[in-house]
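Novice: As a plain string of letters, each chain reads:
There are 4 protein chains.
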Amino acid sequence: MNGNEFGRLFRVTTYGESHGDAMGVTVSGCPAGLELVEEDIQGDLDRRKPGQSMITTSRGEPDEVKIHSGVQDGYTTGTPIGMTIQNKDARSGKYEPFITAPRPSHGDFTYSAKFGTRNWGGGGRSSARETVNWVAAGAIAKKLLATQDIQVKAHVNQIGDVVSPDVSFEEMLEHAEENEVRCAHPETAAEMRDLINKYQEEGDSIGGSVYFEAQGVPRGLGAPRFDSFSARLGQAMMAVPAASAFEFGLGREARTYTGFERNEDWMFDENGDPTPVGNDHGGIQGGITTGQPIYGEVTLHAPTSIPKTQTTVDWETGEEKQEKVIGRHDPVLPPRGVPVVEAMLALTILDYMLLSGRMNPDRLDGKVGEYDTDYHPRNPANIE
Amino acid sequence: MNGNEFGRLFRVTTYGESHGDAMGVTVSGCPAGLELVEEDIQGDLDRRKPGQSMITTSRGEPDEVKIHSGVQDGYTTGTPIGMTIQNKDARSGKYEPFITAPRPSHGDFTYSAKFGTRNWGGGGRSSARETVNWVAAGAIAKKLLATQDIQVKAHVNQIGDVVSPDVSFEEMLEHAEENEVRCAHPETAAEMRDLINKYQEEGDSIGGSVYFEAQGVPRGLGAPRFDSFSARLGQAMMAVPAASAFEFGLGREARTYTGFERNEDWMFDENGDPTPVGNDHGGIQGGITTGQPIYGEVTLHAPTSIPKTQTTVDWETGEEKQEKVIGRHDPVLPPRGVPVVEAMLALTILDYMLLSGRMNPDRLDGKVGEYDTDYHPRNPANIE
Amino acid sequence: MNGNEFGRLFRVTTYGESHGDAMGVTVSGCPAGLELVEEDIQGDLDRRKPGQSMITTSRGEPDEVKIHSGVQDGYTTGTPIGMTIQNKDARSGKYEPFITAPRPSHGDFTYSAKFGTRNWGGGGRSSARETVNWVAAGAIAKKLLATQDIQVKAHVNQIGDVVSPDVSFEEMLEHAEENEVRCAHPETAAEMRDLINKYQEEGDSIGGSVYFEAQGVPRGLGAPRFDSFSARLGQAMMAVPAASAFEFGLGREARTYTGFERNEDWMFDENGDPTPVGNDHGGIQGGITTGQPIYGEVTLHAPTSIPKTQTTVDWETGEEKQEKVIGRHDPVLPPRGVPVVEAMLALTILDYMLLSGRMNPDRLDGKVGEYDTDYHPRNPANIE
Amino acid sequence: MNGNEFGRLFRVTTYGESHGDAMGVTVSGCPAGLELVEEDIQGDLDRRKPGQSMITTSRGEPDEVKIHSGVQDGYTTGTPIGMTIQNKDARSGKYEPFITAPRPSHGDFTYSAKFGTRNWGGGGRSSARETVNWVAAGAIAKKLLATQDIQVKAHVNQIGDVVSPDVSFEEMLEHAEENEVRCAHPETAAEMRDLINKYQEEGDSIGGSVYFEAQGVPRGLGAPRFDSFSARLGQAMMAVPAASAFEFGLGREARTYTGFERNEDWMFDENGDPTPVGNDHGGIQGGITTGQPIYGEVTLHAPTSIPKTQTTVDWETGEEKQEKVIGRHDPVLPPRGVPVVEAMLALTILDYMLLSGRMNPDRLDGKVGEYDTDYHPRNPANIE
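Line by line, the protein sequences are chains A, B, C and D.
Per numbering that gives the first Met the number 0, residue 0 is the first one in the first sequence, and the count goes up by one each step.
Per numbering that gives the first Met the number 0, residue 0 is the first one in the second sequence, and the count goes up by one each step.
Per numbering that gives the first Met the number 0, residue 0 is the first one in the third sequence, and the count goes up by one each step.
Per numbering that gives the first Met the number 0, residue 0 is the first one in the fourth sequence, and the count goes up by one each step.
It is worth saying that the hints were derived from the structure and are not from the lab.
Take every hint as true, because none was put in to throw you off.
One copy or two, it doesn't matter: identical chains are merged, so the pair holds either way.
Below, computed lysine-lysine pairings styled on DSBU-like, alpha-carbon distance capped at 35 angstroms:
{"no.": "1", "residue 1": "Lys93", "residue 2": "Lys142"}
{"no.": "2", "residue 1": "Lys65", "residue 2": "Lys87"}
{"no.": "3", "residue 1": "Lys87", "residue 2": "Lys323"}
{"no.": "4", "residue 1": "Lys142", "residue 2": "Lys65"}
{"no.": "5", "residue 1": "Lys142", "residue 2": "Lys87"}
{"no.": "6", "residue 1": "Lys87", "residue 2": "Lys320"}
{"no.": "7", "residue 1": "Lys93", "residue 2": "Lys197"}
{"no.": "8", "residue 1": "Lys197", "residue 2": "Lys87"}
{"no.": "9", "residue 1": "Lys197", "residue 2": "Lys307"}
With these hints in hand, go ahead and build the complete structure from the sequences.
Specialist: In structure tokens, the structure reads:
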């Protein structure tokens, strides 16, 4: 168990180190009949990629994805989709001081303690570079969800003590990508940007958070108990590098609500189905979706790689030493974390859609060229 | 996938409905040689059981556990441990108004939407009664961890707006069980108690939170990425009924820390091993333990079963109606949630101990009666 | 990993030792809406139970199953079904000579080598008594398959050198249960019975085999590669106690067939779907079903518990000794193996049905009493 | 679930189609500290590769493996090992007649029935080309097992009606690779070769079998019941393309053995440990290893791709038609199946070694360059 696998029916398996040859991801369990080309994936990779703005690391990675299998004539075949993304701009030299002297608050020491070794260039396997794999898989998940009228979106709702007012889903869609901070509230985005600049200039970094929301998720998704939607979403989001808190619905605030304040009456919706009158519950009750939007927040602590002198100890020499973590690093994580959070949300929802047999295959295009046949799955869950 | 399975090598499988015949739990992967009798489990069950104080439901359940397998002459044999706990005091009548008219903010509707039916007595499978199984399994996990000098403890650190000052692990051990609120800070406990009483008298309920901590966890436990210690712990804790937020280390507060503020230098500990100078990181870096205590918090929203008139809709009649949720319910969840949170923490840690082959079998007593042999596992991970 | 779990979406988790308190099985992932009472399960348990004839062990076990959860008003609710079967007639005394001196060709030594201990009464966890759990779970699987017009059946096709002629599925249904050997060819059954008697009188036992077949399995079930239908069925059948060979289709005989002899042309069936002209392929091509019957054989070696003097060594005393395995044992396994093989076949097929979303929920009765609702799963795969 | 994942702690995830861009395999859970270069893997790939002799397909694939991750300075790091093998010599044109008219006894129709489409070039995902991934992963497993003094070997023991006499493990090591049939009995190999030639000249193909054996496997490996060593090995071997029978120990022959004939007394071995006096049990009792060699056989039916005119039906036109399967195909499978069977055997054993914590890490070289540290895993199971 390398922690490189996610999902139950829609499965993601990854490999790759920050300064290794390539990153790779295998997506297993993707239904057949989805129109898919590399460009469908590239868009999200570009949102995550380094060097996209002044507030991201300047490492120059084109992050071009190559699909090796599972797609034919532009449509998925239901078999595993293998993808690789080459690493092009690795410069390991700056990491040499830290081979046996761990960087403060990184995974250097813990990886060494677990494995007895580690790939030390650029953080190796512990680097957030790994999330390029997640975003590639997530882009496929999003495209599948879109065929079912399910949308996911995230934006940055806090940087340091600058907090965004609440924004609607439509505002997120419209404004989140307009600025390099990826905050859907333009004035707040500007404030955040100033704050980030300040810390960046000081050689420091700052924490923040990402708000996420999913619209169109049908009621009845999820499972009881250990596999509740919130538990699995919690795992997904806490896996995001630097995540230190996960909340959904009222989140931490629920501590001060009484039952009567938080409880939501039932009414009939426009289709005559019961629906709660509010959404303090974040779209999930008893671990299963109500049909209301799913929303929550992930806190991402400040980047630990900062060009300030800090103290470490060298386990080879037995001596303390002072080092700066030079390199090319982000002053803040949420802006590039937005596509990562969206990917994890999409992967979680899609997995439940498949587990529940709720995918409607007629919404996949599926006209797989001339050799299209009657032998379509009647239900996309066919495609295990 | 019924969501009734937890863990990878130390596995827990559960069944049971609130008003069904019995609750049951199978523990698979328990190492051989642990001294184990029913009394070892009963203690934690008693801490969780209903009717233990004025601030818990008055349902009268002795919650006596019966072990059916996996133990011989007082020691575990390495094979599955089957346990049942009979339900004795089920009174389903009060739930009849809600068969087709869901209680506000319960799982009634979502279970029906998912399964097309549900066991409606006492909430059926969605009831927190299920956690009796978790606590039974957790008690075994705790006993195993104790042989490895690992301890877990939790206490109630917030009820409504009453917040406990920070307490030490020793204070938790000493004071948490002294009062019915299970807050280790006695003065705060009294305040919490008053607040709970107030809401209880109003026919309302109130939210709160549980702080947890583990001491003695060796460094190097956990895994990269999707199976990071924090991700798996996040799943475990978000599965606790009514959990709406999970935090570890600085948690949500990390948003306002700069990298330099949060980063922790390295020093050598008394054994000459590198260790961080602080523990804002909550014992986990890069998804793997540092050897520092693991700690965090879970927010539990207010109980949704309250004897106040609320509105629901009946999907059979198509009519709105007003109902009170009569029954026997808790006015607050954290006090009984303490053993549940401890159980999930213990189960998560133990699973990583087994996955990492870190269990020291010599610390299990293992003198399994007269027929003791040389054929002991050399490593408890032998016992898959 | 105790090896006590089977299946991916329809999951079986077991516990229990031969001379322990009770056997137990949890069935997770059973769709809601199946009419189910204990009598539905009891029939198969009776076919497996000891003492049913002169050629089975005389141990007196009623093997009455008790359902604790997952069923309400006679219908499954989609949540886990917990069941126990009490052990009533355990007499461990006869096993004392073997506590540290393993019985020839039993699991006594290997369990001790793995776990460092074992429950030695009646073979403990290694006893075929465990299969009572499998048959209980299998009975539910069969009932679900029957709603989809899928039937499984097995019979004894060889005992020692007595081989049954081929029989049709209808002959199996009609004749297999008419005789205590469970061979569907009555004349052969009589021959087999004589042979078994002969060995039984000599204090010996004899090997044999079980032929199995499934009718009505839709085409397109299974999966590529590691999870091919034949691979998963192979695991299922090789798990049957005493199994030493698994074959499907031509089985071992395929060694001497040329490609041209074995290849089967395609024709259209009565519905205009392609179907192979023969079934040497055993219903599976490329790991996926063709729609033809699935069939094969499992070889079960002779029971190892025989009342003959044999040599063993005592690892406590370091001495060799001569012992007879007294007790109550079967002279041959296939007759009681028939319901076990059927159970494993049913569990395997059902799991693929759920994985493929092929269950038709309209065929489950699902009128779950008065509180029946519109909130039925649209697809039984809903019931994860 | 695409059937592209194998193993529990040592995990293999694959992708790729016969005529796709590349084959890929991710190995997760490989312990750190194993010396590993591409050449270690290439040897087995060369034994499996097409075009190696006159009795294999003439497709020209160099099958060169590229390692992308998980290895640093020549040693494994404990993180996932990603590998790709490019497809260079795909010629799909000859498969066009079969796009909607399935080849006899291939997976064409069943893949289409399951997925509603398929990659039809060269059999796509159903092609045995996939096993190049298995052999790559297996080569790593073998190297790890060698550090623990465990060896696996296979040879061809039957082609058509030509059966090899029994050979010793040493004979397999010495002779199996001396001839293109990979039969360790040279005279029989010559006979087999003649038989294959005969069928090849006739445009036909022929079945056969592979015998496998593992030496040095410690006692106590495996698990009870559903995960018994024989069950998991059964799954592994039945996944081999064209497998129609799996046997271990006496296999099918056990049908005619009495209990007394088959039972094996116990004696003390040279170390004073109990050991059976024979090995009709094939190294496994009660699903767990005895320490005796593990051995068995896999039957592989004749290749289904033969240049003879056969009948199929076109589901687009609704017409029957006659076609020859032209292309580049093997006249017999066992010779190239030998490294595949060895790979599956090695993967199965290694997985149990990790599950049991039996790997001795001191036997891995593990001097990982200059930055070698004290922070070695104390137990290779550390490396989850």
